[in-house]
Amino acid sequence: MAGVEHQATLAEAQAEISQDALRRFDDIFRRGAGLFSILVVLVAWEYFARSGKVTAFMLPAFSVVAQRIYTDAVHGDLWLNLGLTMYRALTGFAIAGVAGIVLGAAMSRSRILRWFFDPLISVGFPMPKIAFLPIIILWLGLYDISKISMVVFDAIFPVVTATLAGIASVDKELIWSGRNMGASEREMMWQIMLPAALPQIMTGLQVALPIALIVAIIAEMAMGGYGLGGAMMTASRYANSPGVFAGIVEIAVVGYILIKVMALIRRRLLIWHAEAANH
Amino acid sequence: MGGQGQIVIDRVNHTYRPPRGRPVLALSDISLEIRPREFLALLGPSGCGKSTLLYLIGGFLPIEGGRILVGDKPVAAPGPDRGIVFQHFALFPWKTVRANILYGLERKGLPRQEREKRAQAFIDMVGLRGFEDSYPSQLSGGMKQRAAIARTLAIDPNILLMDEPFGALDAQTRSIMQTELLNIWQRSPKTVVFVTHDVQEAVYLSERVAVMSARPGRIKAIVETKFVDRNPGILRTKQFLEKVDELWDLVHDEAVKAQEAVS
Amino acid sequence: MTPEAVTKTLVRYLPIVIMAIGWEAIARMNLVDSLALPPLSKVAVAWADLMRDGELVDNGASSLYRGGVGLLLAIAVGGGLGIAMARFRILDMFINPLVELFYPLPKSALIPVTVLWLGFGDGSKILLIFLGCMIPVTIGAYNGARGSDHALIWSARGMGAGSMRMIFDVVLPSALPEILNGIRTALALAFILLVSSELIVSQKGFGYLIGYLGSTGSYEGMYAVVLTVAFLGFAADRIYQLVMQRLLRWRE
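Residue numbers (the numbering used here), protein chains in the order written: chain B, 1 to 279; chain G, 1 to 263; chain E, 1 to 252.
Next up, chain B with everything else stripped away, as it sits in the complex (with noise of 0.2 Å):
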C-alpha cells in the first residue's frame, strides 16, 4: 500500500520537475528564436546582397553596413545624431506625457473642460498632425522647439485618451473607500484616481514613446540638419547607400531598446498589478 502510494509521490514529483524544466527549456527557447530569426535575417541580407542580384547601390552587404555604423560611432557621429534625436524625442515625450496625465484627469473632473476637449480629440486623433508641420515651423523657426512641440502634438493623444479611460474605469468600491477614509477630492485624484488608472496610462505612455520617436525622425528629415533622421536623408541624397541603411538599423534598433526599457519600467512600476502576481 504504501509502496504505491510513494510510487504515486515521486510520479507527481517527477512530472512537477520535467513541467518546470519544459517551462524553462520553453522560455529559453522563444528568446533564442528572437535571436535566432533575428540572424537568419542578417545572414540572408548578407548573402542576398553578395549574390549580385542586385547591385551594391540597392542592397549594400550587412558587413558593409556594419562597417559604417562602427566607423560612424568611432567618429562620434553616431553619437552625436543619436543624441539628438533622443533628446527632441524624450524631451517630446515627456512634455506630452505630463501634459497628458494633467489634462486627463481634468477633464475626468470637470464637465467644462470634458465637452471642450472631446471633439478635438475624437477629431485630432486619426488626422495625419503632421501636416502640421510647416506650420510650426512658421510660427516657432527651424530650431528643436519645432520638433519637440510636433512630437507633443502627436504623442499626446494617446497620454489623455488613456488617461481618461483609465480614470473612468477605476473600480468604484475603491473610490467609495476613499472617500470613506476621509479623503479630499484633491487626495481623491491623486492618491487613489491616479494609481487605479496607472496600469492603463502607462499602456497610454508605451504607445506614446514610439510615436515620439517616429514624429521626431520624421522632424528631423523634413528640416535637415543633424540627428537621426537628418543624417538618413543627407545621406540619402548624397546617393550614400551603406548610410542610408545604416539609418534603418541604427533607429530600429533604438526603437527595440526603448520599448525594451518602457516595458521593465511598466513591470517596476506595476509589481503590485495582479498579472505580476500570476507567477
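Since the hints were derived computationally from the structure, they do not count as laboratory data. No false leads were slipped in.
Under the rule of at most 20 Å between Cα atoms (straight-line distance), these lysine to aspartate or glutamate pairs were calculated in the EDC-like manner:
#1 Lys-108(G) - Glu-187(B)
#2 Lys-95(G) - Glu-173(B)
#3 Lys-42(E) - Asp-53(E)
#4 Lys-95(G) - Glu-187(B)
If we take Cβ atoms under 10 Å as the criterion, some of the chain G residues that face chain B in the derived model are:
#5 Tyr-55
#6 Gln-87
#7 Leu-91
#8 Pro-93
#9 Lys-95
#10 Leu-105
#11 Tyr-135
#12 Ile-155
Just so we're clear, the structure is a prediction, and the values are computed from it rather than from any experiment. Think of the CB as a built atom: it goes at the ideal place given N, C-alpha and C, for glycine as much as any other residue.
Here the structure of chain B is known, so what remains is to put chains G and E in place on it, guided by the hints.
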C-alpha cells in the same frame, strides 16, 4: 436623543436610474431605527435593495426621498464615522497591507508614531502579522478580507457597514471569519449593519434581523435573534435552528418573487 | 436623423466652431503676427482660389493616387500573406521573425531608402506606403485567421469544402474584425507616410504644395492645404469606421 452610533432611517425611498432604460424603484418607504452598538442584519433576496440602503447610510448615494440620521445629524456625505467593508475587499492594490491600513490614519492627521502603532495593532488583531508588506494580489481571499476589515476598523468608526463581506470566500473561511468578527465586535462594540442573503449567517451574527422584501425593497419583518452565547457551539442548538427556519420562511417567498421578476 | 440627434451632434462639435471663431477673432485683432496666423476667412478664400485654379485638385489627385495604390497593394499582399501564414506553418516559421523584426521599426525610417531606390516620384511613395502599411495588415490578418474557430473549419471540411473555398467561406469572415482593424491602422499610417514623404521630398502632391506655398510666403494657401489634408485624414477614418460597422453588422 440618540447616542453616537444610532441610526434613524425615516421613510426613505430610492430610485435607481440606469444610463439607458427606465428608472426603477429600488427602495420604498423604509423606516428603521438601529440602536447604538447593536448588531443588525439586513436580510433579503438579490436585488431587494439591501446594499442600496447600506450605501445610503454610508453617504455614497444621494438621499432623494426621506432622511437618514446618524447620531442626530442627517447623512450628507461619506465619512470615517461610518466605516464600510465591501464584498470584494476594495483594497488599494498598489499599496501594501500596512499602507492600506495606514491610509485612513493618515487622512485623520495622526502623528507618525501613533499611526504606525495603531496600524500594527490592527494588523495583529486580524491575524495578518508577517503579511504587512504584501500586496493584495499576493493574498488569499480570507486574508484580503481581514486586511479590509482592519483598514476600516483602524479609522475607529462608530458604525460599521458591511456589504456581504464574506460572500466571496469559501465556506470554511467564511465560518472562521464569522466567528472572528463576533470576537472583534464583542471586544470593541460598535453599531454594525450587516447585509447578507445567507439566513444562517444573519441569525448567527446579529441581534436583530430586518427582513427585506423583493424589489421594491420594504422592511417586511424584524426578528430578534439575540442568543445568550455567541460561539460556534450554538449553531446546532434547537433554538438556533428554529430561528433559522422562521427567517427562512420569511425570506423564501421574497426570493421566489425576486426570481419571477427576473424571468 | 431625429432633431434630438442633430442637436446632440451640434453641441458635441460646438467647441470646434468656438475655436474657429476664436481663431478669426485673434487673427483680426492682431494679437499675433498676422503673417503667422492669417484670419480663417482669408484662409477660406485662399482655399477657394486653390480649388478654382486646379492646384489643389491636381496635387490632391496625385497624393490620393499614390496613397491609394500603396494602401491597396498593402491590403492585398499583406492580407493574403497573413492568412497564408496562419494556414501554412512553414510560411509562418519563416516569415514570423521578419514581421516581428519590422514591427517595431518606425516606418518613416524607410523614407530615405525608398527615395534612394526610386527617386522623387510616384514610385518611391507607393513603395513606401506599400512596405509600411503591409505590416499592420499582415498582423491583423494573421491574428484574425489564427483565431478562426477550429470547429467551423472542421465542419466546413466535413461538408466537402476545398482549401480555397474554406478560406473564403470560413476563415475570411471570422478573421474579418481583426483584418478590418489592421486596415484601419494601415489607413492612418498611409496618410502619415504620404504627408511626411511629400513634405520631405517631392515634386507633386499635398505635401509638396504645402511646402511650395510656405516657401513663397502664401501662408493663407498653406493653411488651407494643411487643413484640407488634416480633414481628409479624419474623414477617411470616420468613413472607414462606418464601412467597418456595415461589414461587421451582418455577423451579429
